[in-house]
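Participant: If you want the building blocks of each chain, they are given just below.
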Amino acid sequence: MSEYTSKSEEKFQPVQTNKVGGSPYTGVLGWIDNRLPIIRMFRHEYLDFQVPKSLSYFWSFGGILTICLLLLILTGISLGMHYKPDAKYAFESVEKIMRDVNFGWLIRYAHMNLASFFFIAVYLHIFRGLYYGSYKEPRQLMWIIGIVIFFLMMATAFLGYTLPWGQMSYWGATVITNLFSAIPLFGESIVTWLWGDYSVGDAALNRFYVLHWLIAFLIVGVVVFHVIALHIVGSNNPSGIEPKDTRDTVTFAPYTTSKDLVGMLVFLLIFVAVMMYAPNYLGHPDNYIPANPMVTPAHIVPEWYFLPFYAILRSIPDKLMGVVAMVSSIAVLGLLPWLDFSKVRSSVFRPIWKQCVFLFVLNFFVLMYIGGAPAEGIYLLIGRIATAFWFAFFFILAPLVSLVEKPLPMPQSIHEFEDWKKQGKIKVFQFFGK
Amino acid sequence: MKNYLKFIFVFSFIFILGITNSIQAKESNVSLLKPNWTFNGFFGKFDRAQLQRGYQVYKEVCASCHSMNLLSYRNLSEPGGPEFSEAEVKALAAQYEIQDGPNADGEMFTRKGIPSDRFKSPYPNELASRAANGGAYPPDMSVLVKARPGESDYIYSVLMGYEEKVPANIKLEEGVYYNKYMPGNKIRMAKPLNSGGVEYADGTKASEEQMAKDVVSFLTWAAEPHLEARKKLGFKSVLYLLILTILVYLVKKKIWSRIESKV
Chain A
-1 MSEYTSKSEE
9 KFQPVQTNKV
19 GGSPYTGVLG
29 WIDNRLPIIR
39 MFRHEYLDFQ
49 VPKSLSYFWS
59 FGGILTICLL
69 LLILTGISLG
79 MHYKPDAKYA
89 FESVEKIMRD
99 VNFGWLIRYA
109 HMNLASFFFI
119 AVYLHIFRGL
129 YYGSYKEPRQ
139 LMWIIGIVIF
149 FLMMATAFLG
159 YTLPWGQMSY
169 WGATVITNLF
179 SAIPLFGESI
189 VTWLWGDYSV
199 GDAALNRFYV
209 LHWLIAFLIV
219 GVVVFHVIAL
229 HIVGSNNPSG
239 IEPKDTRDTV
249 TFAPYTTSKD
259 LVGMLVFLLI
269 FVAVMMYAPN
279 YLGHPDNYIP
289 ANPMVTPAHI
299 VPEWYFLPFY
309 AILRSIPDKL
319 MGVVAMVSSI
329 AVLGLLPWLD
339 FSKVRSSVFR
349 PIWKQCVFLF
359 VLNFFVLMYI
369 GGAPAEGIYL
379 LIGRIATAFW
389 FAFFFILAPL
399 VSLVEKPLPM
409 PQSIHEFEDW
419 KKQGKIKVFQ
429 FFGK
Chain B
181 MKNYLKFIFV
191 FSFIFILGIT
201 NSIQAKESNV
211 SLLKPNWTFN
221 GFFGKFDRAQ
231 LQRGYQVYKE
241 VCASCHSMNL
251 LSYRNLSEPG
261 GPEFSEAEVK
271 ALAAQYEIQD
281 GPNADGEMFT
291 RKGIPSDRFK
301 SPYPNELASR
311 AANGGAYPPD
321 MSVLVKARPG
331 ESDYIYSVLM
341 GYEEKVPANI
351 KLEEGVYYNK
361 YMPGNKIRMA
371 KPLNSGGVEY
381 ADGTKASEEQ
391 MAKDVVSFLT
401 WAAEPHLEAR
411 KKLGFKSVLY
421 LLILTILVYL
431 VKKKIWSRIE
441 SKV
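Chain order of the listed sequences is A and B.
For the first sequence, our numbering assigns the number -1 to the initial residue and increments by one for each residue that follows.
For the second sequence, our numbering assigns the number 181 to the initial residue and increments by one for each residue that follows.
Calculated from the structure, these hints are not laboratory results.
Any given hint could turn out to be false.
Covered stretches of chain B, as calculated for chain A (at least 3 residues, CB under 8 Å) [unchecked claim]: (1) 327 to 336; (2) 417 to 425.
Which bits of chain A does chain B cover? Going by a derived footprint, with three or more residues having C-beta under 8 Å, they are [stated by the list, open to error]: (3) 263 to 270; (4) 316 to 326.
Note that the coordinates shown come from a computational prediction; the quantities given were computed from them, not determined experimentally.
In this text, a Cβ means the ideal position worked out from N, Cα and C, and glycines have one as well.
Next up, chain A with everything else stripped away, as it sits in the complex:
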């Protein structure tokens, strides 16, 4: 800056509020892209985007979940056009969809089963993250955003399950909303406020319907953050090593897209087979009995995907502590990036941690079984041990293994990892083929 510049000029920095331009495209595309740079953004993020070469089919679940979410919203909008959120008419309006609306049975069974398959996919997605250390630096925030999505999913799924207003809808809603009464001092008032009444009824159903919609779209918003974060930190991969040069990567299109498409189609195939041939297998028969506040079902059980957490809730004798344990059993996942401080990401090179993750998965299924069993005798005992293990996995095993474990020798790069794989030096967890 010249010393002759007057003081008044020094105060003003040049600005350009219009940033039109810079598009690599010409013509109409260029005209649009210059003013709204979504075309070059799409090209940059979805066509030329560099992705690690070594991704296995476990990495298809992100795409699968996106498709599930879109299909859920599409079917949900159609259902919403026929459903009546009224305690008197809800059950019948669902049956009307099943009987009289053209292809209503298909849309409703699709929505119902998609919810289950959304959870199957998200559990596999989370398992992938655990096994390959996808939560570690620099992906902690993306991991935490993922946990937020999981919480929102659980809320939406629960609210959606209440809508048909069958026996399990009604009693599930009663049990779950009653959990808020465990909050000290204000518990009872909060529950009344949530219900909009002194019991679960018409007012509750009406707001559950509104919230079911609202949270579904909140999920879309948070998923956008999840994906933006992914495009900043990049995908992890089975080797856990960051790509260094083009020998380590492929472009998103056509390599990742073609592989993701195979994964999606296999998933869709299983989903369609279940939806068409066993549409009610994942549901509970009691939900075909209209809600009756005077008759309590013999066993009130939540949907299968809540069972592990339901088991944790019931394994604590104190109601408040049970709720705290249930919520923190999921929230604790958010601490994992710091509880597990091993520098190595992938379990392929972590012999002890690998076993711990498998035990964790096994324990998850044990809890699922216990969640569906009556809370008494041996089931309660197993449930308590499994709950203890759940937390021990995070607070004891994760830091301990990080400290004592000696990682296996690692390749220098992803392409070397691929070579090792071919030579059979390392074993990688895969679904089928390559």
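On the provided structure of chain A, position chain B as indicated by the hints.
Facilitator: Here is chain B on its own, set in the frame of chain A:
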């Protein structure tokens, strides 16, 4: 690799066990009777004549206590169901006196049923039904099959599960009957089906077993009126997706071969 397969096997086993456990909270240990339903399997279909007979059993036996509020007479002529002709359905509906109104004078009146009417309930409301049945409420049968673990097999088993000889450890109160398949082995419904209880128009012998099969098929259709359409579409879509998946897999292999040969 073997190791992992073992894990997957164990996991999926526990997974299925867990789900089944939660859903089929079994109260009795007897395994249900499992007749060969025509509607089971990938290409399952209802037998029209059987559904028509089943409707007759419902109408002449069950309907004296059980309502089917979600069904209309018109459903009986719809594709995938008993497929009575429209004229037959008109005649069937006309057998009932339906309350309608109010008319221009503000009066309620009764008229003959028409196909768009819902099945007429045996009782005006639940309390009337309880009062007439010693306090028990015969459940609405519209989705009854889907509302019980074991579905069609369970309903069939209960119908066939009445036994004269009551085990010594079971004490029956007044108006309660022993049933082998009912949870708790007690049921407030008297044995509904007895050989020759109805007279089939098509000459089929109305044995107890035959009637039970017919009426359960009818109830299965009532609970899932689009079952045939679902299975038909299911087969087509699974086949379509299977072929598409194989083709896309081959495309993927071709695309990846471009870089895999280089390594």
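Participant: What hints, given by number in increasing order, does this structure fail?
Facilitator: Hint 4 is the one this structure does not satisfy, whereas the remaining hints hold.
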